[in-house]
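2 protein chains.
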Amino acid sequence: MSTLMNHQYRLAARPLGLPKDSDWQYGSEPVRELQDGEILVKVLYLSLDPAMRGWMNDSKSYIRPVDLGAVMRAGGIGRVIASKSPKFAEGDIVSGGVGVQEYWIGAADDKHGSFFKIDARLATLPAWLNALGMPGMTAYFGLLDVGQPKAGETVLVSGAAGAVGQTVGQVAKQLGCRVVGIAGGPDKCKFVVEELGFDACIDYKNGSVKDGLKQHCPQGVDVYFDNVGGDILDVVLTRINMKARIVICGAISQYNNTTPVKGPANYLSLLVNRARMEGIVVFDYAPRYPEAVRQIGQWMAQGAFKSREDVVQGLENFPQALLMLFEGKNFGKLVLQVAPE
Amino acid sequence: MSTLMNHQYRLAARPLGLPKDSDWQYGSEPVRELQDGEILVKVLYLSLDPAMRGWMNDSKSYIRPVDLGAVMRAGGIGRVIASKSPKFAEGDIVSGGVGVQEYWIGAADDKHGSFFKIDARLATLPAWLNALGMPGMTAYFGLLDVGQPKAGETVLVSGAAGAVGQTVGQVAKQLGCRVVGIAGGPDKCKFVVEELGFDACIDYKNGSVKDGLKQHCPQGVDVYFDNVGGDILDVVLTRINMKARIVICGAISQYNNTTPVKGPANYLSLLVNRARMEGIVVFDYAPRYPEAVRQIGQWMAQGAFKSREDVVQGLENFPQALLMLFEGKNFGKLVLQVAPE
Chain A
1 MSTLMNHQYR
11 LAARPLGLPK
21 DSDWQYGSEP
31 VRELQDGEIL
41 VKVLYLSLDP
51 AMRGWMNDSK
61 SYIRPVDLGA
71 VMRAGGIGRV
81 IASKSPKFAE
91 GDIVSGGVGV
101 QEYWIGAADD
111 KHGSFFKIDA
121 RLATLPAWLN
131 ALGMPGMTAY
141 FGLLDVGQPK
151 AGETVLVSGA
161 AGAVGQTVGQ
171 VAKQLGCRVV
181 GIAGGPDKCK
191 FVVEELGFDA
201 CIDYKNGSVK
211 DGLKQHCPQG
221 VDVYFDNVGG
231 DILDVVLTRI
241 NMKARIVICG
251 AISQYNNTTP
261 VKGPANYLSL
271 LVNRARMEGI
281 VVFDYAPRYP
291 EAVRQIGQWM
301 AQGAFKSRED
311 VVQGLENFPQ
321 ALLMLFEGKN
331 FGKLVLQVAP
341 E
Chain B
1 MSTLMNHQYR
11 LAARPLGLPK
21 DSDWQYGSEP
31 VRELQDGEIL
41 VKVLYLSLDP
51 AMRGWMNDSK
61 SYIRPVDLGA
71 VMRAGGIGRV
81 IASKSPKFAE
91 GDIVSGGVGV
101 QEYWIGAADD
111 KHGSFFKIDA
121 RLATLPAWLN
131 ALGMPGMTAY
141 FGLLDVGQPK
151 AGETVLVSGA
161 AGAVGQTVGQ
171 VAKQLGCRVV
181 GIAGGPDKCK
191 FVVEELGFDA
201 CIDYKNGSVK
211 DGLKQHCPQG
221 VDVYFDNVGG
231 DILDVVLTRI
241 NMKARIVICG
251 AISQYNNTTP
261 VKGPANYLSL
271 LVNRARMEGI
281 VVFDYAPRYP
291 EAVRQIGQWM
301 AQGAFKSRED
311 VVQGLENFPQ
321 ALLMLFEGKN
331 FGKLVLQVAP
341 E
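Which chain is which? The protein sequence lines are A and B, in order. Its first residue numbered 1, the first sequence is counted upward by one per residue in the working numbering. Its first residue numbered 1, the second sequence is counted upward by one per residue in the working numbering.
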């Protein structure tokens, strides 16, 4: 066991703008011997998320930055291949903070790893990083707790074909809302409407979002779930209804800025409309994850809920795969497969 | 009675930037004869408010724009000098939408006027346009309903010496909060601390607001009541606490922009801190005004609440007086006295 080599991506430098190859250090080290209370996890899939860009900055946020020289933080799914802990047995499939590497080793109750067993019969492993993983939890609690949509209201979501957007829209449909997505390109828009069942999707790469909103949200917007920020947030602010709720989940358009973030110039629409803009961080809802997994899992079992992932192969492709997110090249939740199941 | 001449300011043009003399038309017309159900009000005091600048723009807002050629909208206090309505008697002192003129005539139950009798024994007439008027109502309900401060929390308010700010801070003190103001110049800051009883006041004209926040809000900011927008809002966003509430009441720094409004570049602090930014429009609380008047009036009677007005004399000085607001020249709630009591 001690001769296993663990390939890893470490953060070599803090990026300016889009991460470059030189911001990463790709190397390997032998897997050390297992201690009492520890588990060894062979990583199968990594979750690649826009939020990872933020973790690379040396600035105060909801989670501490990745240290220079440290293995890049990432959630993922793996198989326990050795265990000296009563919590997990060899062969268990677990989800947790594995990092961008082939093997994770440490205490089974490690706070940063915070592993839990997953039920591979309920959904595919990539789906456990999507609708049943962090993006799904983010969507579920952000929409229900912060967005508070009511049946008949119009719910708008940007990044509609992405990991969080998929679940936001599908949950909102379950609640009886009119659901409109914003996505880039005709294929994604088609998928969002035809596969996920949204009422409409606005293609921000073809035509004006403003016109799209007029056409597809004729009653205005009651809940806007924002994953992108920037110009789209600004346009949406001109179309919100009285007492609208804007869920600030992310701002992917701004994460690689080398100039200051563009604040929403139309924020005074919040005043005019007595509306609210509120942030959500999924970790706050950790005690309630099982509730969301149960509900989404049930919809999935009924065939009323889809989870789409874009699986890229090979740990060595991590740097390029991550960039796909910021170019909108992924179609569905982006997952990196590190080893075969 | 029909020979009374009514001097008026009408909106002649929609201003670009600060209102100029040529944006106004000063004229007079005879007061017409009173009809059944109508009252004639002799205007005593006009309330001059930053919001008036917004009403001059031809854009969608929480209230329709003032039409070109129409008498400029303004709230005020006057004496009923003739009545053909059972609702009001000659001699009654009333508050309502009188407009920038010497006399108001119309139906006693006119929706735009929406007059109500005031009790001149409870407070001075200018105070009825301040702590007991729209600014006071805005402050009271904005703070309590949207800001939801709890005892021991830090409440920060900009425009602290202004009409709304005065009441926000004093109400927050009554609730047992740490209260910090932001105001322009040493005199206003001294007034806010020594007269109104705030714990501290940051002089944004002398020194950095950021340093002031570090010094005076060492535990961060739980509630920020924003009257100014712009750079100050942006700095405050870097100092908010988890679950902070930002009440968007106004953005006086932006009302005369000829360039686009500056959006809050640090709005992603809402995400990091799971915080909320929400707008308030006072009219929504009209049914509850009596509750606030009763409470603030009681504090006033106990000597525990002050109301400071800056009274400028003479209708003819309206255009210049209004500009004082945007230059921060008024010290306390700005009121224009149109006729002696």
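None of these hints come from the bench; they were simulated from the model. Don't take each hint at face value.
Repeated chains share a single entry, so a pair holds when one copy, or any two copies, can fit it.
Unchecked claim - Each computed DSSO-like pair below joins lysine-lysine, with the alpha-carbon atoms no more than 30 Å apart:
{"hint": "1", "residue 1": "K243", "residue 2": "K111"}
{"hint": "2", "residue 1": "K262", "residue 2": "K60"}
{"hint": "3", "residue 1": "K87", "residue 2": "K173"}
{"hint": "4", "residue 1": "K20", "residue 2": "K214"}
{"hint": "5", "residue 1": "K329", "residue 2": "K173"}
{"hint": "6", "residue 1": "K117", "residue 2": "K210"}
{"hint": "7", "residue 1": "K243", "residue 2": "K150"}
{"hint": "8", "residue 1": "K306", "residue 2": "K173"}
{"hint": "9", "residue 1": "K150", "residue 2": "K60"}
Going through the hints against the structure:
1. K243 - K111: between (39 Å within a copy, 24 Å between copies)
2. K262 - K60: This pair counts as both: shortest intra-copy Cα distance 19 Å, inter-copy 23 Å.
3. K87 - K173: neither (38 Å within a copy, 52 Å between copies)
4. K20 - K214: The answer is neither: 39 Å in one copy and 36 Å across copies each exceed 30 Å.
5. K329 - K173: within (26 Å within a copy, 53 Å between copies)
6. K117 - K210: Neither: 45 Å inside a copy, 46 Å across copies.
7. K243 - K150: Result: close both inside a copy and across copies, 12 Å intra and 23 Å inter.
8. K306 - K173: within (12 Å within a copy, 52 Å between copies)
9. K150 - K60: between (35 Å within a copy, 26 Å between copies)
Going through the hint list in order, the structure does not satisfy hints 3, 4, 6.
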